[in-house]
Every structure is written in structure tokens, then in C-alpha cells.
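Chemist: With chain A fixed as given, assemble chain B onto it according to the hints.
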Amino acid sequence: MRDIFDSTIERFFLDTVDTEQVLLAEKEGWHTALWTSLDELGFALAMSPEEKGGAGATWSDLCGVARLTGSFSLPLPLCESIFANWLLGQGGLDPLSGPLTVAAKSDLKSTSGAVSGVLKDVPWGRFAGHIVAVMPEENLQRLVVFSSEQIKSLEPSDNIAGEARDTLTFEDATPFLTAVLPVQLPANIVQLGGAMLRSAQIAGALHKAMTISHEYAAERVQFGRPIGSFQAIQHQLAQMAEHVAASVIAAEAAFARSADELDLLAISAAKICTSEAAGVGASIAHAVHGAIGFTHEHQLHLLTRRLWSWRSEFGSETYWAKQLGEAVCKKGASEFWPAVTAGYFDTFQTETSQ
Amino acid sequence: MSGEAFSDADSAGVFMSIEQFEYSSIPADAEALRSEVRAFLQQELADFPAIKRADSWIGFDAEFSRKLGKRGWVGMALPKEYGGSEASAFARYVVIEELLAAGAPVSAHWFSDRQSGPLLLKFGTEKQKQFHLPAICRGEQYFCIGMSEPNSGSDLASIKSRAVRQGDKWIVNGQKVWTTNAHLSHYMIALVRTSEGEKRQQGLSQVIIDLKSPGVTIRPIKDLTGGAHFNEVFFDNVELDNDAIIGTEGDGWSQVTAELALERSGPERFLSSMTLLNSLIAMVGAHPDTLQAKEIGRLTAKLITLRNMSLSVTQQLSEGKSPVWAASCVKAFGATFEQEIPELAQALCDVSPASVGSNEHAQVLAYLMQMAPSFSLRGGTREILRGIIARGLGAQ
Chain A
1 MRDIFDSTIE
11 RFFLDTVDTE
21 QVLLAEKEGW
31 HTALWTSLDE
41 LGFALAMSPE
51 EKGGAGATWS
61 DLCGVARLTG
71 SFSLPLPLCE
81 SIFANWLLGQ
91 GGLDPLSGPL
101 TVAAKSDLKS
111 TSGAVSGVLK
121 DVPWGRFAGH
131 IVAVMPEENL
141 QRLVVFSSEQ
151 IKSLEPSDNI
161 AGEARDTLTF
171 EDATPFLTAV
181 LPVQLPANIV
191 QLGGAMLRSA
201 QIAGALHKAM
211 TISHEYAAER
221 VQFGRPIGSF
231 QAIQHQLAQM
241 AEHVAASVIA
251 AEAAFARSAD
261 ELDLLAISAA
271 KICTSEAAGV
281 GASIAHAVHG
291 AIGFTHEHQL
301 HLLTRRLWSW
311 RSEFGSETYW
321 AKQLGEAVCK
331 KGASEFWPAV
341 TAGYFDTFQT
351 ETSQ
Chain B
355 MSGEAFSDAD
365 SAGVFMSIEQ
375 FEYSSIPADA
385 EALRSEVRAF
395 LQQELADFPA
405 IKRADSWIGF
415 DAEFSRKLGK
425 RGWVGMALPK
435 EYGGSEASAF
445 ARYVVIEELL
455 AAGAPVSAHW
465 FSDRQSGPLL
475 LKFGTEKQKQ
485 FHLPAICRGE
495 QYFCIGMSEP
505 NSGSDLASIK
515 SRAVRQGDKW
525 IVNGQKVWTT
535 NAHLSHYMIA
545 LVRTSEGEKR
555 QQGLSQVIID
565 LKSPGVTIRP
575 IKDLTGGAHF
585 NEVFFDNVEL
595 DNDAIIGTEG
605 DGWSQVTAEL
615 ALERSGPERF
625 LSSMTLLNSL
635 IAMVGAHPDT
645 LQAKEIGRLT
655 AKLITLRNMS
665 LSVTQQLSEG
675 KSPVWAASCV
685 KAFGATFEQE
695 IPELAQALCD
705 VSPASVGSNE
715 HAQVLAYLMQ
725 MAPSFSLRGG
735 TREILRGIIA
745 RGLGAQ
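Going down the list, the protein sequences come from chains A and B. Residue numbers for the first sequence follow this note's numbering, so the first one is 1 and each next one is one higher. Residue numbers for the second sequence follow this note's numbering, so the first one is 355 and each next one is one higher.
Among the hints, erroneous ones may be present.
[To be verified] Pairs of lysine-lysine, DSSO-like flavour, derived with a Cα cap of 27 Å:
| # | chain 1 | residue 1 | chain 2 | residue 2 |
| --- | --- | --- | --- | --- |
| 1 | A | 331 | B | 406 |
| 2 | B | 553 | B | 566 |
| 3 | B | 434 | B | 483 |
| 4 | B | 406 | A | 330 |
| 5 | A | 120 | A | 109 |
| 6 | B | 675 | B | 434 |
Please keep in mind that the hints were generated in silico from the structure rather than gathered at the bench.
Pulled out of the complex, with its shape left as it was, chain A reads as follows:
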């Protein structure tokens, strides 16, 4: 399934998502025509069962798709829509048609069925048809789905890539849908899934930034030879390649190990490594490109502005590293290596974020 997914979405992106279209989306905030044609491919339903019109895919089938949304700077909530429909499925609900989004930062509370609260940093919040969040109730997690008409007030905010990251307030709203989530899902399931998706998007964006940096270094001539023939440039590109390789394998591991349930350790490792790589890689890509890469005209900033944004989203390197480090220390030195090889720290508990 993975090969077909990857080749289908790559072909679509090659045909439709170029620098001009991404810049247009950034300027307008939303690219309706692009969403419409992307939606026709049906990827938002990829993880829904076949009888619901989906493809019954698992996360391991979708790492390539997420990486490609990163490498093409897709200015649309495809990853968010896939994830939202996966959450709906976890709650036993049918998938919805997109665009959908998810909210990790939520303080929703219910008073006799009416839900109030604030959702922060909601990706594409003002453009999504439905918004999916999780609300803790006594001994359970309730999935809450709002439709966009239910938003009481909206405080718009954009990340540095011009992607909407809005604050949405709901007041005594009767959710469009709700469902009880299975007990084994952690309280921070939205944060966790979002971190997994962003780690793959970062890996994709970094890979592309490395490829165009290498190509530029092979073409740009100074002192009578391509700058890529200078060791100073080669070593920077190599350092970037090390981080790209680490990012790709970390994201792949996170998706592969999340086939049954989202793997906290693998996902946090991926978000930590990719978020660190984002800074290193963006810096090297700009160094190699020189002044041209600093212009609005050049495509590099489409990637680097996303790298600088995505590394913060759904938990920064520090956010995840601090929690993982606390778990490691609590587990103790003698159990450290056994936990690494088992891929599991029982001291690593998820925390909700707000």
C-alpha cells in the first residue's frame, strides 16, 4: 500500500504544488482549488475502513505521505485531516470529509452536555470544517468534534510559514459529535499523533532542503569551480545529510512502531531528533545558498520557514526531551539500556498540555 500511496501523492504534488501555488496559499491563507483537487484523491480517508470509503491503512503506510507533504511544503491540512479521521475511527465514529483539524492544547469542560473552553494553536483552525479535540472526563477521554459554525470566537494567528495556527473559543456548545475513546489511548493522544506527523514533515522538508542545497552547490561557480567542490561546503552538506538520515529513520521508526497504538518513546525520539535537525539543516541550507536563498523569490524559504515553525508544534525538542529525560532518570541507570532495547520506559507517562 505504501508504494502506491507514495507514488500517487508524489505525482499529484509534482503536478500541482509548486513554489507559485505555495506562495499563493500563504498570501491568501487558503488555497481552495488546491484543497479540492487534493481531496479528490481521498487521502484524508486513508486510515478509515474500506466499508467507510477508506483504504484501511495503518500509520506505517503513511510515513511517506507525511514526508512528502513536508518536502513539497503542502500548504494544506492533509496530515491533520488523516489524523482527525483516525481519531474519529478510534471513537467508533464514521470519517468526515475535510478539511479537518485537531487541537492538542485544549481546556474543554462539559457542563451537562454543553462544552466550553479554548483550543490553542489549532492548525488551519479558521479553515477547517470540523475540529477534533479530546476532553477528559471522570475515568475516560471523550472525543469531541465541533463544526466550524460552533466557534464562538476566533483569534487568528499564523506561524512563520503563513500557516494558520488559531485560538478557538467555544461556549456552551453542543458538539457536532462526541464519542468515548478506548481506555488505552493516552490523555495526550492529539499531541502525540501531531508530533509524529510533524516529525515526518520535518524529515521531508529537510531532505528536500538538502537536495536543493546540493544541486545549488553543484551549479554555482566561484573562483572558477562549483562551490560544492570546496571542502568547507562539502562538510556542511555532509553534516546536514547525517541529520537528514537520522530524521528520516526516526520518523520512519515512529510510524512503523505505531501500527497498533501510538508509540510514545519512538515518537518523542523522532520529534526530538527532527526538531534539532530542523535548526541545523535550515542553517546549513541557507549558508550553502548564500544571498539568493535569502530572497523571497527563491524556494528555499518555503522549506526553512516551515522547519522553524514545525519544530515547535505539538511539543518542541525541549518539551519532549525533558519528559523523556525525567522518565530515564526515574527508571535509573541499571535499567536504562534494557529499556532502550525493549523500546519502552514504563516510567515515561504522558502528560496533557495546556
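Modeler: Chain B alone, transformed into the frame defined by chain A:
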């Protein structure tokens, strides 16, 4: 250093791409070995102090290697007819990563297990295989790797040591340097010049030299810690039998290149500071401050990711590929990680490194702080690896 190629053994035609980093996990049958290895190590190393464990894979203990041999854990991927157990690449991986994580003294058999055994299996004559492989698998026969010379470090193709045919013998003259364990090994596999080719890389051959032969002189070189793991080795008209050549005469360069994926992708490329990482976690205790928690979490994430990179290369090796480019990424990234650990350990705790006295953590820190520079020198310097990685991008 570590008697390993520092070299720019170049990667012409080497398969490379970021896409070769596919996620691979250890199969259940290989994973099943882990508890047995752990139980063995717990017993064998019960009284083995942290400062000895910090030696990692340069710690030498022939008796320990023989015990591993009895268990079938040396040369374990080699065919049964030569004393191996035909174990999978992943089974071997489980064994060696457990040995390294525990800081077991594995250096006696390390080079034979990692590269001399596989090299002989691939290129050796039947006689060479019959003679060497069973003894390697018993943990009794140790090889060192003769690559660098006084004027040939990173630029390995410029080596001057030479073997000249004389009747039915080869006569070797020249000098090797930075040869780890030469003083403790039975044989050296040396890269020497046997003829002149159009290119410098032609006319090189790998030969097996019995280190007890007349004309071989071995002098230890003290490293900056005062330890003596590596040596200079002189050859003065050393006589080798006609069949001392491994593989094809004049093909040494391509054979050495083929070994690089084996020697650059294993867990020894990121576990050298493992004893210090453990010691740091113990020193910090169950209640780290924010800075300590963050950095220990970050190191853990790196360790998990490096292990996945290394396992991905292992999968490729087990499919018969030669992923030299990917292995270079593992080694370069891994060395940075190994070197970061002493830096962070010193920064995160108010414990000064101590060569004598203080406490065990301070001594492990002092030792690895001093060893760390070698991690990005041995087995190919960071600069050479980055050259290979950058050129690999060019072929994309």
C-alpha cells in the same frame, strides 16, 4: 588507531541515498538471544568496575574472549563448517550490542569477529579459511589490521610498505602505525603494495602476516591517557609463504573498501561512551533538574535513533549489499554523539573529572573526556567520512 583504516577508501559505485535508511527491527528469533547474553554478562562481569567498562571495545581479556567463543558468540555469523553458527546478522548484532552496552572487554577478538573473519570467508582460500576461521570462532586467534603508515593516514592509497615476490615467498618491508592490539595479536592483515598500477589504488594487496615471524618488530605507542593500545610495527625482510595473499593480488583496495561498511556501521560507533552515560544517569539520580532532564532525554533520543540507523545498515548488509555511504553516516553521527556525552556529563553535574581519587563517576568522566578525541579519528576521521558523504550526494 584501532588499526582501522583512517582512509579515504573511495566509494566509486557505492550504492547511496537517504532512501536506504529504511526502518528495520530485530527479528524475534534474534531478540530471543538477548536474555541469555545478559545473564552471562551479569555473572561474568559482576565485579568488573566501571573504569574498566569505560574501555569499551579496547578492553582486552583473552580469557573472556575464549569464554565467548565457547558460547558460540565469536564469529557467530560464519558457516558451521568453519566453526561458526550461521547466525543471522541481527543475532550477531544483539550479542555485540549487549557486550558493548555492558562495557565487556571484547577487543581481543573484536577485529577478527567484525572484519577479518568475514573478509577471509569472502576472499580467503580454502586453506586460509580452514586454518583461521575455527580458531577465530573459538575466541583464540586474534587479528590486528595494518592500514595506516607514518606518512599515510587519511590518504591510505599512498602507503609504502611493500611485498616483493622472491621465489615461492613474499618478502615484506615497511612500517605500519596506530595498529591497535598488534602487541597482543597473532596475525596482522596488512595492506601492502605488491605492484605499481596506473592508479595508486591499483597494485595493493592484503596479506596475512604472522606477527611471530622474524623481522617483525612491535613497539607500543602510549596514548594521551598513558594507556598503550596501539603500536608501530616494523617489517624488515619478513618472509611470507606464497599463499599469504588474501583474495586477488592487486585487488586489495576494493577488498578494503568492501570492509568499510562492516567497520563503520556497528554499535561500537555510538556506544563508546555508554559507561559514562549510565554513570551520569546514576549521578543525576531520580530527580533531575530541568537542564539535566532535557539533555539526558535528548541523548536518549539520539541513542534510539542511532541504533535504528545502525540496524537499518545491518539489514542492508544481511541482504548482501555494501552500504558504505550509509555506514559513513552512522559513524560520523555516532562519533558526534559519543563525544557529546563527556561534554554534557561535565556540564550537567558539579563533579570534576579526576584521574585519581574522588569517585568512580569522576574517574570514568576523566577517562572518556581524554579518549573522546579518538572517536572521530579511528576508523576514518570525521573529515574523511564527511567527504565520502558529500560525494555520495553528488551521485544522486
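Chemist: For every hint, state whether the structure bears it out.
Modeler: Here is what the structure says about each hint:
For a cut-off of 27 Å, the pair hint linking residue 331 of chain A to residue 406 of chain B stands: about 24 Å separates their Cα positions. Taken as a hint, the residue 553 of chain B and residue 566 of chain B pair is broken in the structure, with Cα atoms around 33 Å apart against an allowance of 27 Å. The straight-line distance between the Cα atoms of residue 434 of chain B and residue 483 of chain B is roughly 12 Å, inside the 27 Å bound, and the hint therefore holds. Of the supplied pair hints, the one linking residue 406 of chain B and residue 330 of chain A holds, its CA atoms being roughly 26 Å apart against a limit of 27 Å.
Our distance criterion of 27 Å between C-alpha atoms is met by residue 120 of chain A and residue 109 of chain A, whose separation comes to about 15 Å. Restraint check: the Cα-Cα separation between residue 675 of chain B and residue 434 of chain B comes to about 22 Å, which is no more than 27 Å; the hinted pair holds.
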